[in-house]
Structure formats: C-alpha cells, structure tokens
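J.: Sequence:
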Amino acid sequence: MRRIAALSGRSARRRTGLIRADGPQAVRSLLAESPDTVRELFLTERTSAAHPELAELGRAAGVSARLVPEHVVRALVRGDQEGAGDDVPSPQGAVAVAERPALGWEAAVHALPAAGPVTVVVLCEVRDPGNVGTIVRTADAAGADLVLLTEDSADPFAPKAVRSSAGSVFHLPVVPGAPVQPLFAALRARDVALAVTSGYAATDLFCLDLPPRLAWVLGNEARGVDAAALAAADHAVRIPLAGRAESLNVATAATVCLFETLRRRPDRP
Numbered sequence: 001m002r003r004i005a006a007l008s009g010r011s012a013r014r015r016t017g018l019i020r021a022d023g024p025q026a027v028r029s030l031l032a033e034s035p036d037t038v039r040e041l042f043l044t045e046r047t048s049a050a051h052p053e054l055a056e057l058g059r060a061a062g063v064s065a066r067l068v069p070e071h072v073v074r075a076l077v078r079g080d081q082e083g084a085g086d087d088v089p090s091p092q093g094a095v096a097v098a099e100r101p102a103l104g105w106e107a108a109v110h111a112l113p114a115a116g117p118v119t120v121v122v123l124c125e126v127r128d129p130g131n132v133g134t135i136v137r138t139a140d141a142a143g144a145d146l147v148l149l150t151e152d153s154a155d156p157f158a159p160k161a162v163r164s165s166a167g168s169v170f171h172l173p174v175v176p177g178a179p180v181q182p183l184f185a186a187l188r189a190r191d192v193a194l195a196v197t198s199g200y201a202a203t204d205l206f207c208l209d210l211p212p213r214l215a216w217v218l219g220n221e222a223r224g225v226d227a228a229a230l231a232a233a234d235h236a237v238r239i240p241l242a243g244r245a246e247s248l249n250v251a252t253a254a255t256v257c258l259f260e261t262l263r264r265r266p267d268r269p
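Residue 54 in our numbering sits at position 54 of the sequence shown, with consecutive numbering throughout.
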C-alpha cells in the first residue's frame, strides 16, 4: 500500500517508471487504451458490481482484479508527504498501476500528420495538475492531436492530473518535458503555426484567420505566456471579455481557443 500511495509523488513516479489511475472512468480508459502497460488492478466489491467491465478489461489485459475493502483503496490513494496535495478524500473504489508512457516529445511531433489540419496544445509552465488534467480533457473533447508540456509544467501523469482529465490522458498523446525553443522549431518544421493568448494582443480570437495546422501555446496561471514565447509566436490573440473580469483561468482560455478551432475545422463532426 505504501508503494502505490507513494506514486502521488513525482520522485516515486520517476524512480519506478509507474503511474497510478484512480476512479472507474480513468481506470476504464487506461485498461481500454493501454492494456499492455497495466500491472495491477484493485477494485472494491461495490465498484466491481457497479462496473463489471473493469474486471473484464483487466482479464483481457492479463491482469486479475484484486477485490479489496474500502479502507485499502483509501490507503492506496493517500498522498505521501511530497504529493500531499493529491489526496483523494472519497476514492471511487478503483485503482490501477501502470507503466508510464514512454513517448518522447520529438517522436510525438514527428508523428503528427504531414498534411491536413492539425491541432496541438503546448502548456508552458502550467503548474497546477488540476488545470493540466482539465486542459487535456478539453483537448481530447475538441479533437486535438497532441498535448505537449514544457519542462517546468506539472506532471500530466500525477494522480490529480489523471483524475482531472477523466481518463483523457490515455486517449491522445500527452508528452511532458519538452524544451521550449527546440519544441517551437520542431513544430514549425512540421508546418504547424504557433498561437498564444494575451490580454494585450491587438487581434481578436474570433477575427483571426486560424491556420489549419495550429499549436495553441498556453502559459502559467499567474503570469501567462512569457515574453520569449510571445515573441516567438506566429499569432498573438486576445479572447474578448464582455464583463468586468480581468482574465480567464488558463483551462477556460484553452476551452475557448480549442472549441473555436474545432468550430472552424472543415473535418469537424
């Protein structure tokens, strides 16, 4: 239990190469999308009865579900000292342990389609794992092809980020650890334009002719995108605000930008 609970901490995830998914939705996505990576599966009797597909997916992945009491699940998801902010006061009766995805940022960018519309999300110094997970979920819903995080961003495979993504972190490539300038150069080499949001930008998001191959660059919760990223971007846009709020939360800004991009894509559903 201590070994699995310790995966709340980034150092334990790095040392072991393992991640933890909590809750039926995230566990279901993990089992369905990456069955070969799953190493352990724990279910309470209540959750097993309510979600019989979890044990079935586990068997298909070659992993037998262990039925455990509620207090064991609570122990599995408690945060250790480093990850105390990831505590889950009301666990949902499902926990899975899996190998961390090994895809690197260069390979992920190279794997983008060579032609046609592409939507990428780049998170620069987004530090809150809840925001990271929410943006990944939005990117998935809006049909994005890839989510990349710079070296100073939160870990998208932290338990809190995985929960906030509602399993979407397993639906599309999500790759942390990218250096900013080499990443921007690699995206441009794939003919992907860079767009940033800024309250000081002259161009209104809804007036910009969005390129079909576009990466939205979103910045730190408090400071936004830094000056270097802003200078490197092909487009700087502002999201028009009608009320008295000074700005939008980064996850909300991502939602506006991604669904405006989706709205304009000729291949949208």
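One or more of the hints may lead you astray.
Derived DEER-like restraints, expressed as beta-carbon distance ranges [unchecked claim]:
| hint | residue 1 | residue 2 | range |
| --- | --- | --- | --- |
| 1 | Thr203 | Ala50 | 45 to 51 Å |
| 2 | Ala202 | Glu33 | 19 to 25 Å |
| 3 | Pro179 | Ser247 | 24 to 30 Å |
What the hints contain is simulated information worked out from the structure, not anything from laboratory work. Note that CB positions come from ideal geometry on N, CA and C, so glycine has one too.
J.: Run every hint past the structure and note whether it holds.
T.: So, going through the hints one by one against the coordinates:
The hinted window of 45 to 51 Å between threonine 203 and alanine 50 holds, with their beta carbons roughly 49 Å apart. The beta-carbon spacing between alanine 202 and glutamate 33, approximately 41 Å, falls outside the hinted interval of 19 to 25 Å. At roughly 27 Å, the beta carbons of proline 179 and serine 247 sit within the given window of 24 to 30 Å.
Checked against the numbered hints given earlier, the structure breaks only hint 2 and satisfies all the rest.
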